[in-house]
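Undergrad: Listed below, chain by chain, are the residues.
Number of protein chains: 2
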Amino acid sequence: MGDPVLNTPVSKADIRYFAGLGISVEHSDEQLEASFNVDALGKYQGDAQVALFPTSTRQVSDILAYCNQHRISVVTQGGNSGVAGGAIAHRGEVILCLRDMNKVRDLDAITGVLVAESGCVLEDLDNYAQTQGYTVPVDLGARKRCMIGGNVSTNAGGLRYLRYGSMHGSVLGLEVVLPNGRILDSLFTLKKDASGYDIKQLFIGAEGTLGVVTAVAISLAPMPGASQLAVLGLQDFSKIQRAYVLARQSLGEIISAFEFWERRCNELVVQYEGYDSPLSSSHEFYVLIETRGACLQHDMEKMDWFLERLQKEGLVENSGVARDKDDMDRTWLFRSQMAHAHSKSGHMHVYDFSLPSKYQYELLLAVKSHLETAGLYGTPGVPVSDVTIFGHIGDDNIHLQVIAKEFGGVVEEAMEPWVYEWVGSHGGSVAAEHGLGAHKGQFLKYSKSPVLIEAMKSIKRLFDPNDIMNPGKHVSRA
Amino acid sequence: MGDPVLNTPVSKADIRYFAGLGISVEHSDEQLEASFNVDALGKYQGDAQVALFPTSTRQVSDILAYCNQHRISVVTQGGNSGVAGGAIAHRGEVILCLRDMNKVRDLDAITGVLVAESGCVLEDLDNYAQTQGYTVPVDLGARKRCMIGGNVSTNAGGLRYLRYGSMHGSVLGLEVVLPNGRILDSLFTLKKDASGYDIKQLFIGAEGTLGVVTAVAISLAPMPGASQLAVLGLQDFSKIQRAYVLARQSLGEIISAFEFWERRCNELVVQYEGYDSPLSSSHEFYVLIETRGACLQHDMEKMDWFLERLQKEGLVENSGVARDKDDMDRTWLFRSQMAHAHSKSGHMHVYDFSLPSKYQYELLLAVKSHLETAGLYGTPGVPVSDVTIFGHIGDDNIHLQVIAKEFGGVVEEAMEPWVYEWVGSHGGSVAAEHGLGAHKGQFLKYSKSPVLIEAMKSIKRLFDPNDIMNPGKHVSRA
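Quick note, the sequences are listed as chains W and C, same order.
For the first sequence, the residue numbers in the working numbering are 1 to 478.
For the second sequence, the residue numbers in the working numbering are 1001 to 1478.
These are computed hints drawn from the structure, not numbers from a lab.
Just so you know, not all the hints are guaranteed correct.
Straight line, CA to CA, 25 angstroms or less: simulated SDA-like cross-link-like pairs of lysine to any residue [claimed, not checked]:
hint : chain 1 : residue 1 : chain 2 : residue 2
1    : W       : Lys325    : W       : Ser458
2    : W       : Lys239    : C       : Val1451
3    : W       : Lys144    : W       : Gly133
4    : W       : Lys239    : C       : Gly1225
5    : C       : Lys1144   : C       : Ser1024
6    : C       : Lys1457   : W       : Tyr128
7    : C       : Lys1358   : W       : Val316
8    : C       : Lys1043   : C       : His1439
9    : W       : Lys358    : C       : Val1245
10   : C       : Lys1312   : C       : Val1382
11   : C       : Lys1405   : C       : Val1382
12   : C       : Lys1103   : C       : Glu1030
13   : C       : Lys1457   : W       : Gly133
14   : C       : Lys1457   : W       : Gln31
15   : C       : Lys1457   : W       : Lys358
16   : C       : Lys1457   : C       : Ala1109
17   : C       : Lys1239   : C       : Glu1262
18   : C       : Lys1457   : W       : Val316
19   : C       : Lys1239   : W       : Asn466
20   : W       : Lys239    : W       : Arg145
21   : C       : Lys1457   : W       : Gln69
Please read these numbers as outputs of a predicted model, since none were measured by experiment.
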């Protein structure tokens, strides 16, 4: 995997072969349209001329068997909402798009286990689950566009990880087509299973480099009877951390989200999305807390205790509790559009780190100082207009945004590998929930040991010896 | 891996080598004592003459590097509380016992992430966690003996899986010594991490066949402020299932356990352990429900609603709520000693299945009928005295006990592979939480596809090409 493999271009004969299998094909002598060739933030540009739209696992199997035999490289695509370039066909690979595999195969009303094809849009699945009294245990800003197969393949974390935990725990089974076309049927729906190595785990977060996830069995969470949402305004980061400790004590098992963002993030959403701020007053930091419980009265009492304790300790400058569902939805929309607002304000270099909480704010200061020293930030006319953080307290996960006049260039040079080294040396991970994608594999060494990286590469060689699946990305770059 | 490998016997020179490394060694010209050579139920018998007791990861590394070079097979042992024979040295392998690697390396009071060496006894860890306001998210009957490394290596499920979920979700990192002696440092403590393949997952449930887990990082659950325990007496299995649905609705997020057992299980614990039944009245089925929440008053109200709904629907014949902590502890002890009581009443053939709930009781009836037809059960003087089930509702996990006059023999012949085939053909798994161990790999084919089994075997070859780690067990038998 060391040297880039030159994949075989797709020929007219190949296209005829796929069409002959009854598979829907889109192709262009130039390039496919931007929805296939440009990533969600407009940073990564692909060169795909052919996209295939299988409707069954059998068709995916036929495609991969053929591509493996003919050494045609494949990039799997779902909603193409990723921000790490993992689903972009940089080298003109065939795009295998799963949008037409979008059936719910089963939802067991008693156990709450959902079996869905990879092309199901996350929001659609959650709406369906709610009709049966359940909710999908992962949620993220791209819910209208991202698909469950992509959520699994990127090991998506999202907004309610704090409550519902990792995909590694909630995904019970996967159906995967291996690069050689064989179908790995691991679509189990039982909760406990200790019979052999849990092979499916390897595909959670593999970003399409080991095979194609065609269907997912996931343990849903019961839809709560009651939900509340509060927004806090605070003066400094240490108070957020203290508020988090109090929230876990007072709210206990009903906390379902604890998000934070800083003043500038709030301003950007107001300015570029046109939404009202969730608090009328202005603060250095904002926190969004959601509860989900079985009994609204109990949950309201717990929320009151929590807000009282915050007041007593002098932690908050202002706070507000959503009045109704519309109010809650508006606040969530405000939070969800944060990345989008940043990307409207300039060219967003987005970083997605896990980092021990004690270093999270220090990172922001270090980045600002580093960019100032480099003459790129803090004075008029420099390339960087904003450096911000927001993220998920309790999940150790922050997003760092550096807004510049262009992608790449001097800003990227100043930031990379410097910021990855900083994060690695402070006990962090270079990718928390966005994945390694096209670019970040080269920085993996700052947070993972050589023995571990070698184990990853040997897994890649084992499953995809011809390196046809999403070549040159992910751990192949490590 | 097809043919059994004859491992090299350990020579006096080998023992001198290990002692020269400063490693504590026990050896015998005959056999080591029963605590190393007999499993927890007295079914599996080993032939080990040498046991090593490393105190550091470096020593484990030295041991494996030497054993790999000299093709000496190794069985890793912790508390030796397993019931599937996975930690028994059937072929006289060297026992690598981790009991002296029993340090807590870290417990982060803010995040609740515990880093502990594999030889820490589960109950000791939980007691320590409680002093810091946390609880270990896995608990099982063998808590006084089993060790956290073994819990991870067998993918233990236990009593509170319903609340705290799978080890695949709660284990954040592992330190593993690979068969060649290299240390795979994957001991991460951050919650979200999507950077490459999650290699550590392979060792969760590998039962010592891929390497030696020397330390574990696990996300603890906050110790609840309040806990309640109720026991129900019910007349038939379908009412248990209905009670479970109502419990999830009424108790919501505070349920932490929902266990059931049948009349005969209750009688055996009374008879062989001498404990009082948790209910004074006698019933066909018993259910134990535990809640863990932040506020006792709220939780008591929810419990009242639940018990009222049970009464209203006529689901229970009797019920009792524990009066205090002693009462709760007594009831948990009663439940925990169930397997032990069975094993005192005769030779216990224990089966540990995942099975869709609609087939769980049907399995019991099918087994009884099958054994009756074979003339082994149901009339005086036959080999089988009892056939029982108990287990974890909501986890899809039941334990089936067949109590006989001896291990193996006509009973095992009648039961196997018949019962594994039955379970596989009803959508179940042949091992839910006890692991495959020494014996059950051969039945894996009834619940896992050939492609999946082949993937497992290729993982084994990749990590342990010389087949020195727990040879002839687990997927090697598949």
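Undergrad: Now tell me, hint by hint, if it's right for this structure.
TA: Structure-based check of each hint:
no. : hint                  : result
1   : W:Lys325 - W:Ser458   : 49 angstroms, violated
2   : W:Lys239 - C:Val1451  : 53 angstroms, violated
3   : W:Lys144 - W:Gly133   : 20 angstroms, holds
4   : W:Lys239 - C:Gly1225  : 24 angstroms, holds
5   : C:Lys1144 - C:Ser1024 : 24 angstroms, holds
6   : C:Lys1457 - W:Tyr128  : 38 angstroms, violated
7   : C:Lys1358 - W:Val316  : 51 angstroms, violated
8   : C:Lys1043 - C:His1439 : 11 angstroms, holds
9   : W:Lys358 - C:Val1245  : 42 angstroms, violated
10  : C:Lys1312 - C:Val1382 : 43 angstroms, violated
11  : C:Lys1405 - C:Val1382 : 9 angstroms, holds
12  : C:Lys1103 - C:Glu1030 : 32 angstroms, violated
13  : C:Lys1457 - W:Gly133  : 40 angstroms, violated
14  : C:Lys1457 - W:Gln31   : 42 angstroms, violated
15  : C:Lys1457 - W:Lys358  : 43 angstroms, violated
16  : C:Lys1457 - C:Ala1109 : 40 angstroms, violated
17  : C:Lys1239 - C:Glu1262 : 13 angstroms, holds
18  : C:Lys1457 - W:Val316  : 56 angstroms, violated
19  : C:Lys1239 - W:Asn466  : 55 angstroms, violated
20  : W:Lys239 - W:Arg145   : 35 angstroms, violated
21  : C:Lys1457 - W:Gln69   : 24 angstroms, holds
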